[in-house]
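Protein chains in written order, with the working numbering: chain A, -6 to 262; chain B, 495 to 742; chain C, 250 to 884.
For the record, the hints were derived by calculation from the structure and aren't laboratory data.
Just so you know, even glycine gets a beta-carbon here, dropped at the ideal spot from N, CA and C.
Each statement offered as a hint is correct.
Taking CB as the label site, the calculated pair distances span:
(1) LYS552/C <-> PRO93/A: 37 to 45 Å
(2) ALA793/C <-> LEU105/A: 38 to 46 Å
(3) GLY523/C <-> GLN541/B: 19 to 27 Å
Derived EDC-like pairs (lysine to aspartate or glutamate); straight-line CA-CA distance at most 16 Å:
(4) LYS501/C <-> GLU814/C
(5) LYS500/B <-> GLU514/B
(6) LYS877/C <-> GLU343/C
(7) LYS433/C <-> ASP457/C
(8) LYS611/C <-> ASP539/C
(9) LYS82/A <-> GLU701/B
(10) LYS433/C <-> GLU303/C
(11) LYS543/B <-> ASP738/C
(12) LYS877/C <-> GLU359/C
(13) LYS734/C <-> GLU786/C
(14) LYS280/C <-> GLU303/C
(15) LYS496/B <-> ASP519/B
(16) LYS640/B <-> GLU386/C
(17) LYS81/A <-> GLU702/B
(18) LYS740/C <-> ASP536/B
(19) LYS546/C <-> ASP562/C
(20) LYS500/B <-> ASP519/B
(21) LYS543/B <-> GLU786/C
(22) LYS884/C <-> GLU566/C
(23) LYS264/C <-> GLU874/C
(24) LYS282/C <-> GLU303/C
(25) LYS552/C <-> GLU597/C
(26) LYS742/C <-> ASP536/B
(27) LYS754/C <-> GLU814/C
(28) LYS568/C <-> GLU838/C
(29) LYS546/C <-> ASP590/C
(30) LYS568/C <-> GLU841/C
(31) LYS640/B <-> ASP392/C
(32) LYS640/B <-> GLU620/C
(33) LYS501/C <-> GLU724/C
(34) LYS611/C <-> ASP554/C
(35) LYS194/A <-> ASP724/B
(36) LYS82/A <-> GLU702/B
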Amino acid sequence: MMTCAHPLCSSIVRKGIVGLTGALMIVFVLGHMTGNLLIFLPPEAINSYAEFLHEAGHGALIWLSRLGLLTIFAVHIGLTISLKYENKKARPIAYATHQPLASNWASRHMLLTGLVVMLFVVYHLLHFTAGVTDHSADWRRPIGGPGRPHLLDVHSMVVNGFQNPYIASFYIVCQIVLGMHLWHGGSSLFQSLGINRGFWKRITAWAGPVVAVVVVVGNCSIPIAIQARFIQCHADIEMKKAEIDSKNGKLPRLWSPANGGSASASQPH
Amino acid sequence: MKLHLKVWRQSGPQDKGRFELHTIDGVSSDMSFLEMLDVLNDRLLAQGKSPIAFDHDCREGICGSCSMMINGRAHGPTRGTTCQTYMRNFHDGQTVVIEPWRARAFPVMCDLVVDRSAFDRIQQAGGYVSVNTGGAQDGNCLPVPKDDAERAMDAAQCIGCGACVAACKNASAMLFVAAKVSHLGLLPQGQPERAGRVLAMVAKMDEEGFGNCTNQYECEAVCPKSIPADFIARMNRDHLGSSLIPSE
Amino acid sequence: MQLDARSPSGPLSEKWDRCKMDMRLVNPANKRKYHVLVVGTGLAGASCAASLAELGYNVSTFCYQDSPRRAHSIAAQGGINAAKNYRNDGDSVERLFTDTIKGGDYRSREANVYRLAQVSRNIIDQCVAQGVPFAREYGGQLDNRSFGGAQVSRTFYCRGQTGQQLLLGAYASLNRQIAQGRVKSHPRHEMLDVVLVNGVAKGIIVRDMVTGQIERHSGDAVVLATGGYGPVFYLSTNAKGCNVTATFRAYKRGALFANPCFTQIHPTCIPVTGDYQSKLTLMSESLRNDGRIWVPKSNGARKPDTITESERDYFLERKYPSYGNLAPRDISSRAAKEVCDNGLGVGEGGRGVYLDFADAIKRLGEDAIRERYGNLFDMYAHITGENPYRVPMRIYPAVHYCMGGLWVDYRLMSNLPGLFVLGEANFSDHGANRLGASALMQGLADGYFVAPYTITDYLAGVKPGVGTEGGEFAEAEARVGSHMKRLQDTKGKVSAQVFHRELGKMVWDHCGMARNRAGLEGMLRSIPTLRERFWREVSVPATAGGMNQALEYAGRVADFIDFAEVLATDALTREESCGAHFREEYQTEDGEAKRNDADYSFVSAWGYNGENQAPVLTREALQYEFVKPSVRSYK
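Can you build the whole structure from these sequences, using the hints too?
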């Protein structure tokens, strides 16, 4: 079963690493979510935040983070698969009937929810990072002007992306799946890492459900708010105003994809 | 009452095995589950048929011999061993599926009898304090805080029945091994060999082909002695510490 | 035959030390040339096997269970005695010795019992060192409780699972030796014969219960630690698998069976509910520390809470004011039988008395009671469906322990050279009645602290090495094979359990808590009929694989039937009442046991005399140099 007999290859160490990488990814997910929630503020907030991410350490931070996340992701998935393989082998003949008592759907389907999350991440990267799945990334135009090449209109990109009801629903479904993964994983990692004494004993059982609810509510609030038109694309609004203005014989006042993005809302003509 | 039993029959380790159907009537609600099987076996013997083989011994819930999956639940519908499961928990006309523990590390030997010697081998790997007979100091020279002694006892009362393995969807022995590791790990007597013990016992557990823990606590839910899964976290901590920080 | 107990001379307190000094030793380099076979892996067997292996001998262990850890020692609940005097309540080796001799109603050997009391202290130290999680006080010191038959608190315990923890300690030591390769463990192996080479025990024949193969094993000494024969009564607190086969087959090879009629009835068991019942569950005697035993003063089915204080008869407290509810087992059991015989019993069938915790709960609070007895209360609730915190428990006596067993000398060797017998399987230390918490003490004393010395002494006089090729092995194997073939060829239609149940009822009715000549003679007349029917009607089908539980069981029942004759013969011959053996003909006017020291101060050792022949009695006279047998009074 196990090819390596070294203590560091034991099932417990591997499971511990799965827990640890899971914990790191939860930190990332929470951070990512907090950043995303800036969308509820005026567009400058999220756009400046995105600019900061790209600027920090002369652009090194984002690449280091991406590399780190990729590694964590790969280790998390790789070790899980090695454990899962052993688990499958450990019971070659299944029971005719089996009545689970303590587990729940989420805890029994971690591999499934994990794979869905993985596919979602791939889509998410293609969607917003690479911008190859629809046209929402077209809205991510530089708006910073000279000296600020990384100030992009992330706000418009996100809003445009989520105005599509199919994409919004897909994201919501995936967040719920992620929530289920975290529901179990967020508590389970404490057990795997052996953190259950004193203060920790009181929080471990709640940690997963709390993280899951926070992540699902936080992340889903964005597509829902956009679908509900609570958040609108400021570029759209400005364009509409510009149309009205031009009908009234006034000059356009702002940047829009139509005019090549050379103008900015704050620059009067 | 009358019950329909769907019982696993397998003549030996090489046999493929199959379910056999038996109907038994006149079952009293005060019978234990094993007594119900005794009655069935008496009837089979009266027909010259071979009785259903199953492990059992003390019939008071402490030896840990009895081991069967009853309607998909290790030991049956109530917490406790099969011998302490009473027929008052079943109803007239019910179909009862009886299977052996299923795990690669617990091969079926005959009908409901499985080979649990993997548990013995895990204990042989380090589940002891290396002390020879004779020469022990006075028992009271080594004070043990009451809480530690109680917690060690919580772990030590494991009866080694294997229900934890049977109920775990990964056939993992983590609760059993954790109970054994924690019993000695919580006591001062167990400290000198603590790191080596947890490493050796976990390595043996992995080698025997048990699955891994996915923290679903099915083991805890069926453990006849209600051994908490906290001990698994304790063992994880012990093992991670011992494997990451090698002793001098 | 003249029996030499080989008790050392000299003052009581020096006997064991002198004996140890007299014993020969085996050079460390030579120890590994010797091989010892240990049958049974309970407290006595596991502790002996581990200790011998630590000394450097090669050891093979055999048990019928699937793991040594499941031996029935595991079920002992209450505790283990040791003369530590941690309580400063006046305990000492002398007092433990006196209590045990007195408890045994002066039918045990002084020297043996004194040694037991002496080494009792080492046992606790040894077990603590192994990591046995004994109950502790807040200061971290070992806790004690008092136990039936004692006025001092000398019982060490691990909740209600003391036997389990002590066995797991011995099993851990055994495992360590297995890991080091000094012990070869053979679980699921049943011993079916002892092989004697020139009258000396040199091997055993076992059946591998998985493959069905008959195997020969040879050794320089054979140790039987195979427990008691309680299930001769069918219903007992013993495990279903407990049997007399190993000791009985040794008896058939010439070992003497001593005092088989001394069978202890435990006062606190859960009453019987139906005839399908396969076993009786013991509630630890420790419950008697805090529980009060009573029956209503007049009969009539009433709920216990409707019976007022003045309508209750706390019969143990009334009859035995100084010991009260802690009176020894035989006395408590008989007192319960007496009130039930008078029609005052409670519960279904009227065979039960109340064990009431209401006062203790009032005095100490429910939590304190839960901490002390929680698992016992849970067990009771689980089995009966009643809540003992609210409703008094119902209890009734049941067969529990066998003081009788193979005869051994002071060095625990039977009359067959090389055949050592340890723990409950021997007869040695408890006389006619065992005190609570003394069985664990004796098993471990034999295994850890006596047998390793005495077996070494024996081996020092033996040339090591013996093969299994000899004619004696072939002969024994053939004998075992033909016995099994005979069982399988019977092709009857009745399960062995039916005969076992029938035998058990007969033994319980006529040789249980009270015995009389007419009953015992009737029993001796009925057994041959039962045996004849058994061998004509028993059903032992062949199985496709090697495992055949029906065959195992039928073989044991056949031995129980034969053994019951020895038991009844012994009970009939002992025309006195002493300890657990109560002959109705021999009682005082107020119904107490009437011992006869003038004529019966001896050990009855029974020898096999051939098929269907009455066994032959050899007496070992008991000398009391240091204690004066007195009438046992617990009033």
